Structure formats: C-alpha cells, structure tokens
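Please model the entire structure based on the sequences and the hints provided.
Top to bottom, those sequences are chains A and B. Under the numbering used here, the first residue of the first sequence carries the number 1, and numbering increases by one thereafter. Under the numbering used here, the first residue of the second sequence carries the number 167, and numbering increases by one thereafter.
Calculated directly from the structure, the hints in this document are not laboratory data. If you're wondering where the values come from, they're calculated on a predicted model, not measured in any experiment. Heads up, a few of these hints could be off.
What the hints assert, rightly or not - Residues of chain A clear of chain B, computed beta-carbon distances all greater than 10 angstroms:
1) Thr39
2) Ala73
3) Lys95
4) Ile101
5) Gly132
6) Ala133
7) Glu158
Unchecked claim - Derived Cβ-Cβ restraints for the label pairs, each shown as a range:
8) A/Glu158 <-> B/Pro328: 44 to 54 angstroms
9) A/Glu74 <-> B/Leu242: 35 to 45 angstroms
10) A/Gly132 <-> B/Tyr361: 49 to 59 angstroms
11) B/Ala461 <-> A/Leu7: 35 to 45 angstroms
12) A/Gly157 <-> B/Asp300: 28 to 38 angstroms
13) A/Pro159 <-> B/Thr420: 36 to 46 angstroms
14) A/Pro106 <-> B/Thr359: 35 to 45 angstroms
15) B/Thr359 <-> A/Glu158: 29 to 39 angstroms
16) A/Glu74 <-> B/Ala455: 24 to 34 angstroms
As the list claims (entries may be wrong) - Only some residues are given here: those of chain B computed to face chain A with a beta carbon under 7 angstroms:
17) Ala199
18) Ala247
19) Ala332
20) Ala335
21) Thr342
Glycine included, every Cβ here is placed at the ideal spot set by N, Cα and C.
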Amino acid sequence: MVSVLALAREIAESVPDPELPMLTLADLGILREIRAEGTRVVVSLTPTYSGCPAMREMQQDVARRLTAAGLEAEVRTVLSPPWSSDWITGEGRRKLAAAGIAPPQPAPRRGAGPVPLTLAPVRRDLACPRCGAEGALQTAAFSATACKALYRCAACGEPFEYIKEI
Amino acid sequence: MGFDTAYEAISEEEEEDPGHRWAYGTGFTDPLAGVDTSVPDGVDGADLATYCLMLGDDALIMSHRLQQWLARAPELEEETALANIALDLLGQARLLLSRAGAADGTGRGEDDYAFGRPEREFRNVRLAEIADADFAGLVARLLVFSTWRLALLARLRDLRDPVLAAVAAKGVSEITYHRDYAAQWAIRLAGGTEYSRGRMQAALAAVAPLCAELFTATGAERRLAAAGVAADPAALRPEFDAVIGQVMSAAGMTWPDRPGLAGVAGQAGRDGVHTEAMGYLLAELQSVARAHPGATW
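Here's what the structure looks like:
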C-alpha cells in the first residue's frame, strides 16, 4: 500500500491549477491529505477562496488521473483550517515569480479580537518580477482573480500581479 | 500556454476526456462533498437550516446585486474588484445553502434553494436586495454589509457547528478585503469633489434605515444562540458602530441618524417579508432556471 500511496501522491501533487497552470496543487498547498481507506485512496483538497471556480475542476482532474492510473480514488473537500497563502511552497513562489506574478508576503497573524480596518491602500515592498526594482505601487486591490492585486513598477512602468496574503 | 487566444485555450479538447476543460462544465457538484454535515448534539436541525439560509441568502442576494454592476462600473479596476467580491459571496452562499439542505434532512441542493424558492421563503436582510442608485450607493451598502458580516462571521468561527465555523473562518479573511475596499472608496468619494461628497452623504442616508434590521434577532437565532451555534445579532452592534465611526471620522462625515425601515406586522427580511425590489431581483436571478427546469450547461 505504501507504493500505491506514493504513486497516488506523485499523481495528485502534479495536477496543475487550471487558473495558474504553472503551479501544481502541491505548490499551492491545497492538497491536504492522501491516505488509504481499505482499497481506496482518499485525497483531501481545500479551496483557496470560498468562490474559487477552479475547485471542481481540480477535484475532477485528481480523480480522473488517479483512476487512469488504475487506482480506486475518492476526492474530499476539507474546509478547516482555511487555506492561507503561507502554504504556497518555495517552489511555488519561484514558479510564480518566473511567470511574472509577485509571490505573497506573510499572512497577518490575527488574534481573537475584531479584525482591524485598513483605510489606505496597503504598502508592500514588492520586487518587480520583470526588472527586480523595489517600490511598486498598488493600482487595484483585486485583479483577474480574487487572490491577486494589481501593481505597477515605479522603475520600468510595467504592471504586474501580486498574490495577496490571506 | 501555447494558445493564440483564450478561447482556443478553453475550447481545446483532450483526447481521453473531451470537453472536461474548465468553463465547459455540465452542472455543479456539491461544494460540501466529503464534509461531515451531521447536526451537533442538542441543536435543532430545522433551526440550523433556517440560520444557514439567512446567512446564505444574504450572500447570494448581495452577490447578485454586485454582479449587476459588471459592464457598468466606472473603471475596469472596479469592475474586477466587484466581480471578485461577488464571487467570494457566491462561494459562501453555495456552502451555506448546501449546509441548509444537509441540516434540515431534505437533502435539497444549492440550486433548489437559489432557483426553486418563492420570494416569501428568502431569508436575507433587506439591505442585501436594495438596488443601488449610483456607485456611492453601492459603496455605502457594501460598507455596511461587509462591516456587519465580518463581525458576525468572526464570532461564528468559535461556535459549535463545525461546518458553519469553517465557512465563517474562510469568509472572515475574504470579507476583510471587501470591507477595506468599501471603506477606502467611501473616504475617497467623501474627500473628492463637492459633488462626490454630496452623493456619498446621500448614499449613507439611504442605507441608514436598513441597519436596524441587522441587529434584530429572530426566534431561530435566539434559540441557536442559546445552543452555542449562532451569534446574537444585537451583540454585533458595538463593533459595527466602532468600525463605521472610524470610517466616518477618516472621511470627515457623520453617520446619518435615521429610524429603521418598518416591516409588515413586525416582520422583515429574515421572516421572508421583502421590499418591492426583491421580486424584480428574483425574476432575473431565477429566469433561466425556471425557463429550462433541470437544464445543465
């Protein structure tokens, strides 16, 4: 069963994210668990955002690839703990930067009290993924997907996306 | 990606399973697949389902109003922001409506609730259904909605239903961004021109009467709060007032003092008694599902 699990892990980890195809599910940190239950392999995935439209595709993709490899597979959703951008791996961060997307900074650690309000655009010291210069300015808090913000490099003037910390 | 156009990328077929590519799905799957949805001990399943419908309908109806801004927003950046906020809320709604079907034992799915119920069975607060007169109106409504919902979901994280707690924990980090977005726009409009400031002040006056309802508990909420599953709406008021006060202070505006919008015989949105706007909204939201029952695409 160990080798079956290793095979299942290798297959599930390599499934690409349909919206960020340069990243795998393992890079994104949404693959939460792979275990054997009797003759079945059970894979648990967690959504990034509640409305992530790619979740269903990723579940089906994992199930399809495991079945094609001759495994009996079940894919489950886990909601807790909520996904954090901190779970994107080092490899995932390198791939994002190589694709021109600035990887996330550490997510805020918040206690039990009320969530603080932010009344001005967040200042983040991001290196431009194209020219490497610091000092980019945020142009929008949301981008083509909910997980990203839009920035423009102050040095080369190019716009780029940033994966928001969450 | 090796495709000349985005259309080519999504329409390309893979030989082993043609048409599986995303954006070409056929129907949706249960967003709670594999999640343990048993009802906690000592909790009434029907009350829990009603509560999930309240929170789910708030998100669904607010999301629909935000979607109506698409192709009408003042700038492309606001369009993507509103679309993403709407998508977050739609995701929360899907989870909550699915949780309702599991809790009341009927096994109804998200689509049955969203597309199959008449107006009288929708449990959203009336704040969610109001049409926005202008962009300032949207900003005011989103500010109030997200400030209130963030305070509510933050409390649910620690309560006894593990599914609601998990949905709430995800929602908190999403709505933190929504609230910041609305607060920053309120300040920008207030500090812009005399005209934009006047529109923002008028928008606050329009939304203020819809606030009292947010802090009024129904019977189901009171029973669930006693069972440790729901948040007491009245307890959210101090945090709400503090956050709105912070925004008003930064904007140099005062929160308009308005009496709450009356209901009908003491009933309002949570009881299924809505404003005139709701019928038009549902007619649009449910039109495709009613014209083509059971259709998938």
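**Request:** Take a quick look at A/Gly132 and tell me if its Cβ sits farther than 10 angstroms from every Cβ on chain B, holds or violated.
**Result:** 25 angstroms, holds
**Request:** Using the beta carbons of B/Ala461 and A/Leu7, state whether their distance is inside 35 to 45 angstroms or not.
**Result:** Check passed, 39 angstroms falls within 35 to 45 angstroms.
**Prompt:** Do A/Glu158 and B/Pro328 keep their Cβ atoms within the hinted range of 44 to 54 angstroms?
**Reply:** Check passed, 45 angstroms falls within 44 to 54 angstroms.
**Status of the hint placing B/Ala199 at chain A (closest C-beta pair under 7 angstroms)** = 5 angstroms, holds
**Request:** Check the following: the C-beta atoms of A/Pro106 and B/Thr359 are separated by a distance inside 35 to 45 angstroms.
**Result:** 39 angstroms, holds
**Minimum beta-carbon distance criterion (7 angstroms), B/Ala247 to chain A** = 4 angstroms, holds
**Asked** Does the nearest C-beta of chain A fall within a distance shorter than 7 angstroms of the C-beta of B/Ala335?
**Response** 5 angstroms, holds
**Prompt:** Any Cβ of chain B at or closer than 10 angstroms to A/Lys95, or is the non-interface label fine?
**Reply:** 14 angstroms, holds
**Distance restraint hint 35 to 45 angstroms, applied to the beta-carbon atoms of A/Glu74 and B/Leu242** = Holds - the Cβ-Cβ distance for A/Glu74 and B/Leu242, about 42 angstroms, lies within 35 to 45 angstroms.
**Asked** Between A/Gly157 and B/Asp300, does the C-beta distance stay in 28 to 38 angstroms?
**Response** 33 angstroms, holds
**Request:** Over 10 angstroms to the closest beta carbon of chain B is the bar; see if A/Thr39 clears it.
**Result:** 18 angstroms, holds
**Request:** Could you see if the CB distance from A/Glu74 to B/Ala455 stays within 24 to 34 angstroms?
**Result:** Holds, since A/Glu74 and B/Ala455 (Cβ atoms, about 30 angstroms apart) stay within the stated range.
This entry does not satisfy hint 10, going by the numbered hints stated previously; all others are met.
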